[in-house]
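Asker: Chain by chain, the residues run as shown.
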Amino acid sequence: MDTTAEASHEPDARPVEVAVQDVVKRFGDTAAVDRVSLEVRRGEFFSFLGPSGCGKTTTLRMIAGFEEPDGGRILLGGTDIAGVPPYRRNVNTVFQSYALFPHLSVWDNVAFGLRRKRVPGAQVRERVGRYLELVELAGMERRRPGQLSGGQQQRVALARALVNEPAVLLLDEPLGALDLKLRKQMQLELMRIQREVGITFVYVTHDQEEALVMSDRLVVMNAGRVEQIGYPEDVYERPATRFVAGFIGTSNIFDARVRALDGDLLVLEAPPGDRVVVPAVDGTAPGARIAITVRPEKLRILGETDPVPGGLCSVGGTIAEVVYQGVSTQFVVRTDAGDTLVAFRQNSERVSDAGVPGSRTRLVWHPEHNVVLADPPAADPSPPADTDPHRQEELVP
Amino acid sequence: MAAPPTSEEVTNGAEPPSGDEGATGAAPVTPRPRHARSEGAKAHGLLGPTTIWLTLFLLAPLVIVIWYSVGTRGVINPVQHPGGKLNWSNFSRALDPSFLPIFIRTVAYAAATTVASLILGFPLAYVIARFGGTWKNVLLGLIILPFWTSYLVRMYAWRFILDENGLANTVLGSLGLGRNHQFTNTHWAVVLGLTYGFLPFMVLPLYASLERMDAGLIEAAYDLGSNRFSTFWRITFRTSLPGVVAGVLLTFIPALGDFVTPQLLGGTRTQTFGSTIQDQFGQGQNWPLGSAMAVLLMAFILVGVFVYTSRVGEDVL
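Order-wise, the sequence lines are chains R and Y. According to this note's numbering, the first sequence is numbered sequentially starting from 1. According to this note's numbering, the second sequence is numbered sequentially starting from 1.
Honestly, the hints are just simulated from the structure, not real lab data. We put the CB at the ideal spot given by N, CA and C, even for glycine. Please note: incorrect hints may appear among the correct ones.
[Said to hold, decoys possible] One-sided excerpt, in silico: chain R residues whose CB lies under 10 Å from chain Y:
1. Pro86
2. Val91
3. Ala157
4. Arg334
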């Protein structure tokens with residue numbers, strides 16, 4: 001998985017700041033974190049993305065020192081930090097609930113960490129002032145947290161952690177409590193601040209858009225395991241697993257049998273007149289069943305009689321639904337092969353031949369947009385007993 | 001509460017009251033004050049029983065005590081006001097220097113009781129609030145359990161334990177540690193009894209404020225480099241200060257006025273201001289002096305509480 005991620009980028013020469021190696025954390029019988037391994041490089045904005053309960057926050061808390069792993073190691077700047085209490089780790093956390101000290105002023109909240117480390121008074125004043133300015137809270141020093149808005153409290157929490165200039169800043173869904181507009185604004189602000197201070201950010205979120213927008217790299221987690229680690233465009237364009245394809249954005253996922261190998265392309269079985277080819281994958285021979293995903297915005301929707309450009313994948317079907325969404329229109333198409341595919345079309349010009357539900361259509365796309373998923377197809381030849389019947393519906397809206 | 005009238009004023013002021021617009025603008029406004037008034041009337045109605053109760057059983061006795069404190073001892077009635085004259089000499093007698101040692105002792109007992117309750121009560125409240133889990137309510141119930149028995153009975157029980165031939169001496173004797181210890185009629189016995197009696201008044205408000213505390217604050221303090229001791233002192237204790245203030249008041253004030261404990265566990269050496277007041281109404285048969293002393297004690301507490309809360313309160317409450 002990592003190899004595909006590195007393909008589009010220069011190899012990263014920066015030293016590893018946080019290394020998580022085979023870490024396991026159990027709560028009772030369930031493994032909240034199940035053999036997770038990853039590396040965060042110095043100065044990187046690295047995100048943990050996944051649904052609630054996927055183990056992302058637990059991993060963060062183990063880096064912070066609030067939980068100890070049941071197995072594996074965590075290295076900070078190359079040193080194993082097992083058994084080191086949180087107050088001796090060179091990391092600081094921005095908590096989801098902010099956890100500002102209600103009895104202290106904004107100034108004293110931000111100065112708290114420096115004072116505990118016995119930083120000289122003049123230096124405390126200089127740094128607290130500088131970081132309050134960085135988060136644009138100058139003038140609020142004397143206020144209590146209770147007298148601030150949610151967004152301001154968020155900034156205090158950020159300044160309070162950053163002022164210690166830790167090796168790593170851990171952020172646990174810091175924007176979760178803000179409304180959409182403020183959240184968008186704070187996303188950009190956090191990116192600016194991270195660039196300015198150059199500290200390694202480890203960011204936990206369940207918001208896929210947030211993770212794509214903000215991160216240098218991200219890990220997608222599910223049920224305590226790593227699904228994929230990579231750059232945002234890799235995770236989006238080349239999802240490694242069915243879960244990643246479904247969790248990030250909208251995806252078309254369908255299963256098919258390989259009919260033949262044509263050069264470096266796999267030709268898949270399809271009804272007459274259709275053609276679906278995917279770039280060859282090592283170890284996949286004719287006769288094998290594979291799972292394919294393709295993003296809805298990659299599909300072009302044509303009228304039945306429109307000429308099909310050569311070399312493209314082409315699938316015939318019937319329009320089941322047309323949903324106007326402002327910027328784009330979503331088409332739900334039932335293909336002749338029996339799959340349901342979603343296609344987006346930008347509303348960049350007035351389209352009269354848009355197609356109506358019930359009319360015939362043809363979807364075409366470039367073969368390189370097809371991604372072969374790592375996990376095997378759900379059903380072959382008849383659904384096994386343990387397959388969740390709702391799974392397919394979840395993945396195809 | 002203040003918001004609806006303001007918005008009404010704004011609406012009425014901004015819209016010219018002409019034509020249909022003015023009428024529709026005013027229409028939704030009119031029922032609101034009526035609604036608010038009826039809410040207010042309801043609130044007053046709710047206070048009715050309490051007002052009657054407090055007037056009859058708090059205010060009236062208070063006025064009577066104050067009235068007695070400026071009276072004279074009588075032969076037929078315990079208190080007289082001959083010719084409607086007010087007798088202020090009770091206060092000068094109550095302020096007699098001979099009462100000063102008793103008063104100081106009383107304050108010392110109450111202070112010792114408060115400190116002991118705080119030292120014993122804080123860990124107790126902390127453990128229940130932070131680690132009580134599903135047992136929280138059971139544990140709190142156990143703390144309140146002694147209230148199911150009369151305070152007097154419980155103090156008699158303590159006397160049974162601490163007496164010359166009591167349980168404590170018997171146990172110590174059987175352990176070969178001597179059986180002739182003098183426990184009763186000591187300062188220790190009185191403070192022990194008072195602490196035992198008033199500990200729940202300390203624990204309950206402490207628990208309430210510790211339970212409300214966001215556990216995330218402790219993690220945040222650790223995260224910022226604060227060790228366990230510093231975190232406890234700067235975060236846990238500081239954020240629980242409203243509970244500490246309430247607990248101190250709820251323990252100190254009743255301990256200051258108590259007369260049962262010094263009487264049952266103490267003796268002549270442990271006489272307190274409360275038991276002196278009681279004596280004036282009992283053996284002494286000097287109700288006016290007892291009333292004057294009670295009024296002075298009350299004034300002392302009121303001033304004390306006012307100074308205490310205004311100095312501590314700004315920071316904490």
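Asker: Against each hint, give a clear statement of whether it holds in the structure.
Answerer: For each hint, the structure was consulted:
With a least beta-carbon distance of about 4 Å to chain Y, the hint placing Pro86 of chain R at the interface is held under the 10 Å criterion. About 8 Å separates the beta-carbon of Val91 of chain R from the nearest beta-carbon of chain Y, less than 10 Å, and the hint is met. For Ala157 of chain R, the interface hint holds, since its Cβ comes within 10 Å of a Cβ in chain Y; the closest pair sits about 8 Å apart. Contact between Arg334 of chain R and chain Y, as hinted, is not supported at the beta carbon level, the nearest pair being about 50 Å apart and thus beyond 10 Å.
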